[in-house]
Structure formats: C-alpha cells, structure tokens
Amino acid sequence: MPLTLADTLPADSTDREYLWTLNFGPQHPATHTTLRIVLTLDGERVVNAVPHIGYLHSGFEKLGEHLDFNQYVTIVDRMNYISPLANEIAWHHAVEKLLGIELTPRCVYLRTILAELMRLHDHLLNVGTVALDLGAFTAFLYGFEQREKIYDIVEFASGQRFHTSYTRVGGVMLDVNDEWIARVWKFLKEFPPTYREIDKLLTRNRIFIDRTKGIGVLTREDAIDFGATGPIARASGVVRDLRKDEPYLAYADLDFQVICSTGGDCYARYLCRMREMGESLKIIEQALENLPSGPVNVESITDVVLPAKPPVYRSIEGLIQHFEVLMPNRGYDVPHEEIYAATESPNGELGFYVVGDGTTRAYRARTRPPSYVHFGLFPHIIRGYQLSDVVAVLGSINIIAAELDR
Amino acid sequence: MLEIATMQERFGQEIAEATFRDNRRIVVPLARMYAVLEFLKRVGFDMLVEMTAVDYLEYEGATDRFGLVYVLVNTTTGERLIVLTHLNPPDLEVPSAYPLWKSADWLEREVYDMFGIVFTGHPDLRRILMPEEFTAYPLRKDYPLKGRGERHNFPVITRAES
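Chains as they are written, first to last, in this note's numbering: chain A, 832 to 1237; chain B, 576 to 737.
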C-alpha cells in the first residue's frame, strides 16, 4: 500500500511533526503475550513500527548448558507453550540425531500422532485468537472446547495437560494403551463438526474477509529473505514443508498434502492453518490405524535409554541401569560434535543447534525459534497499513512470547 | 549439490568440509567469511535460517574462543549448509550479513546481545533481549548462571521520586 506524504518528506522537515508515537505496550490484550511495539503513526496509518522484546527472557539457553538432556525437555516444553509436545519432539529429535539413536517404530508413530495433535492445538488457538482480536468470540470458544479434549488426551498419556515432559532420549516416558487409542479415535470423530462450524463462521464471513484480505501482505521473495517458515511462508508461496522435504518420524510413510497459497495476506495465512488442520486429521487417522506394536523405548541401548519402572523397582539389573544413566558422575558418552536438526513445528521450522561435549549435558543448546524470526519481519509487513490492521497482522503471524524471548 | 572443490579453488584451501549425521558443514576463516556468504547466496542459498554463536572457553580441544554458525537453505533444491567461522577476542568484529539476507537483522542482534560479537554494517545493532543498560554478555561461559547480582541492584523508583 502506498505510504503517505509524510514519509516522502526529508527527516528534518517540520511537517513531520504531526507524526505521533503510540505505544502498543507490553500489557495489551491484543498482543496476547508480553511484547511491545512502538508505532509511529500518521493519523491512522503506520509509518514505522519498532518492536521491543525481552520481557519474558528467562535464560533458557544458558539453562540448557547446566541441565541433562532429559531434564532440559522440561524447559523446552515451556517455549512454545501453545503446543508443548511439538517442542519436546523437536528437542529430542536433535539429541537423538546427535547421539545417533534410531527410535522404535511404535515410538515413531506415537510421536507423529502427538506432533499432529499439537499442530491442531496450535492452529485452533491461532485461528481462535485471530478471530477474537477482530471481535468474533464464538469461533475462539469453539476452538477452545476442542483443545480441552486434546488436553485430556495428552493428560491420559503423560499425566500432565500442559507441559508434559513426555519424551525422553530414545523414546517416551510411558507407553500408551488401547484406551488411549480409543480416546484419540473418539476425538477424531468429534472434531470435524466443530471444524466445519468454525469454517462456516469465519471463512466466508464478510467482516472477517474485509479485515484480513489484502492486509499484511508478505511477498514470496520477502518471505525467503526474512527467513519465514511454516504456515506464514507457505501462505506467501514458498513451497517448503520439512515433513516432506526432510522427512523425519513417520511422515515419509503417510499420505498428506502441503497447503500453500499465493496470497501472502492474513486471510491466506488463516486459510493455510485451517486446511492444515484437515490434513493433520488425515495424518492422525493413518498413523493410528498403522500404529505398530512392540516396545516404545529403544531397550537395546541400555546405557542411554532409561529403563521402565517395574524392572527398576524389582530387579537389581534394572536398578543398576537406571543408576548408570542418571547419576551425576556416570551417564553416557556423547560425541564431541555439533548438530543442527529441525522439525516442522506448527509455527514454522523449530530447530535446535546442540553442541555435545562428552557429558550428558549439552555444551550449547540453541533454539531456532520461529516466532523470533517472524517477529523480525513484522515491521516490514505492517508499514503503510492502518492501526486496526496491526492487531490482525500480529495475530496472524502467531507470536508466542516465550519462544520469542526464551 | 554444492561442490567444495570449486569453493576451495575460489577462496583458498583453508575451507574445510565435514559431514556429521546429515549436516554438511564448511569451516571458513574469518577474513573470507563475507565473500563466501555472498558466493553461496549467488549459487542459490537464498534463506538464512539460523545464526548463532558458541563460546568454546570450556570446550575440550578447542582452538578458538568463539564459533559463529550460519545455517543456510536453498529453498528450490532443499539443500542445507552450515557455515562456521572462528573468532578470538579482542577482534570480535564480523561483517554483517544483512545486505545478503534480511533475517540476519534480528539474528545478529541476538548474537551481539548474548556474546558481544559486533556486526559491522548492521543497520541497528543494539540489545534485543536484555535491557539496554545491561553491560555483560550473558551467554559467554565466564558469565555465571545466576548472574552477577543485577537483579538485586535493579534501580527502584519510589512513588515520591517519580
């Protein structure tokens, strides 16, 4: 959109005095999380937007240097707290790549199902909050009711609704049983009617389209230049999905489509997320039907993988194995190497750069946070739009402050 | 696939290559860094996915203090490449990659904030995660986990003073 006359004037011109500064402060219901944008406005039009972040910076990466691989998963959970299991799966994917551990088939499919449930979780929240910010409360509440069901499923598997710390090196904390599988099937039957309801409420809603179509356009070249990944990049025409380009877990065996768009505006991002939810349902169905039996943890690697609790409590070998893996002056050998491994989290490419130094603590555990990179492109896409569009664009790029600041 | 031989004849034999699991890495001396990155962008690595630094102070067998890591992706072929360079204090100045990829904007600001590596040519190099008045570089290994008492010495403004 063309900028106003004010931006064409030289910087020291007195006519620029009528540009005013608005603080879209750290505490604001529409920013969802604690971040601050200082807007320079010409009437209603945004001339410049300077983000200030760091309100939630808690030193996660420094903590990663002092915690074991299995302990750090509790911190990684808390990064993108909207889809916690996705972060855990990404973290242990990187650690298992560093250690060279191959998972059992059952664990692979289980993690795939959980990753896709988390994709539903994240997209339901994002679609709901984009609608909420624009005034449509109902879609938000419908989405949250379904998220409660996903919380129940996750709680049945791991004991925790939210920050589950479910994955471990070489597997998961506890296996799932047939009742869990039945619950996921039940969810798969109950979810599509609500999905169609949300679709009916928003996709062809005149007000929603007016407020999101043509707003916050991100061109394909800019998306690549700014490092955008995930639904934001796919909505701008970058055909890149790590589940297809660099398959990990069970995605190579499953049949699903990658949703892309050429619009690049908020409406295109919304549509990409909605359709991706439909694809996630297909993936979960296929993975559930083909869920292999067998052990969920890699039991053959006894020096890295934690044993199951019954042998630990009932046999001396189990106790010794548990001791050898966990106790501070024992542990296992980790290669003196560095690795970067990424997964397709609901928000984009979530990668970990892990440097191993021989001990079971990472020497450097760097998170490549999709929210951070996307917020970096926010000043570019908001320039020239109006103040009310700031809310729509901010919602559509799905900034989670805990992942932004770590 | 990128041919390391062509790179070596262009930029000298100091470019080392390694492959670990499925990560393809090249190690570049600091003086050639910007030229190598520009060349890589021209041959098709159009996305800078990640930039980070590692402080090798307590690393066994380390030869340099800092390592700077760039992860590049070619979106048309899907190829990934990791470019590493090494830095030693006191010359912690690196040419900024902002003219090549705009994602370097915030990625470099974070590396500067956390490690103190200065990127020359960056449009707006200031702290991003820590407050502006912070003086130390937290992710360096000589900075303790619990800090140096900054939280206790935070200036408090009473109602009478404000």
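The hints are simulated quantities; they were obtained by calculation from the structure and are not laboratory data.
Please note that the accuracy of each hint is not assured.
For lysine-lysine, the following DSS-like pairs were computed, each having C-alpha atoms within a straight-line distance of at most 30 Å [as the list claims (entries may be wrong)]: (1) A/Lys928 - A/Lys1031; (2) B/Lys716 - A/Lys1075; (3) A/Lys1140 - A/Lys928; (4) A/Lys1075 - B/Lys721; (5) A/Lys980 - A/Lys1017; (6) A/Lys1044 - A/Lys928; (7) A/Lys1031 - A/Lys1044; (8) A/Lys1020 - A/Lys1075; (9) A/Lys1075 - A/Lys1044; (10) B/Lys616 - A/Lys1017; (11) B/Lys721 - B/Lys677; (12) A/Lys1044 - B/Lys716; (13) A/Lys1020 - B/Lys716.
Note that the structure is predicted; figures quoted are calculated from it, not measured.
(message) Against the 30 Å threshold, does the CA-CA distance of lysine 1044 of chain A and lysine 716 of chain B hold or violate the hint?
(response) 48 Å, violated
(request) With a cut-off of 30 Å on the C-alpha distance, tell me whether lysine 980 of chain A and lysine 1017 of chain A pass. (result) Holds - the C-alpha atoms of lysine 1017 of chain A and lysine 980 of chain A are around 10 Å apart, at most 30 Å.
(request) Below or equal to 30 Å on CA atoms is what counts here, so check lysine 1075 of chain A against lysine 1044 of chain A. (result) Holds - the C-alpha atoms of lysine 1044 of chain A and lysine 1075 of chain A are around 29 Å apart, at most 30 Å.
(message) Against the 30 Å threshold, does the CA-CA distance of lysine 616 of chain B and lysine 1017 of chain A hold or violate the hint?
(response) Violated. Lysine 616 of chain B to lysine 1017 of chain A sits at ~49 Å, over the 30 Å cutoff.
(request) Please work out if lysine 928 of chain A and lysine 1031 of chain A have their alpha carbons no farther apart than 30 Å. (result) Roughly 43 Å separates the two Cα atoms, so the pair is violated.
(request) Given the hint that lysine 1020 of chain A pairs with lysine 1075 of chain A, test it: the Cα-Cα distance must not exceed 30 Å. (result) The hint holds at about 26 Å.
(message) Check whether the Cα positions of lysine 716 of chain B and lysine 1075 of chain A lie no farther apart than 30 Å.
(response) This hinted pair is violated, its Cα atoms lying about 38 Å apart.
(message) Next pair to validate is lysine 721 of chain B with lysine 677 of chain B; report whether the Cα-Cα distance is within 30 Å.
(response) 34 Å, violated
(message) Would the hint linking lysine 1020 of chain A and lysine 716 of chain B be met if the CA-CA limit is 30 Å?
(response) Roughly 52 Å between the alpha carbons, so the hint for lysine 1020 of chain A and lysine 716 of chain B is violated.
(message) Need the status of pair lysine 1031 of chain A, lysine 1044 of chain A: alpha-carbon distance at most 30 Å?
(response) 17 Å, holds
(message) Can you confirm whether the C-alpha distance between lysine 1075 of chain A and lysine 721 of chain B stays at or below 30 Å?
(response) Status violated; Cα separation ~42 Å.
(request) Take a quick look at whether lysine 1140 of chain A and lysine 928 of chain A sit within 30 Å of each other, Cα to Cα. (result) 25 Å, holds
Of the hints listed earlier, those the structure fails to meet are numbers 1, 2, 4, 6, 10, 11, 12, 13, in rising order.
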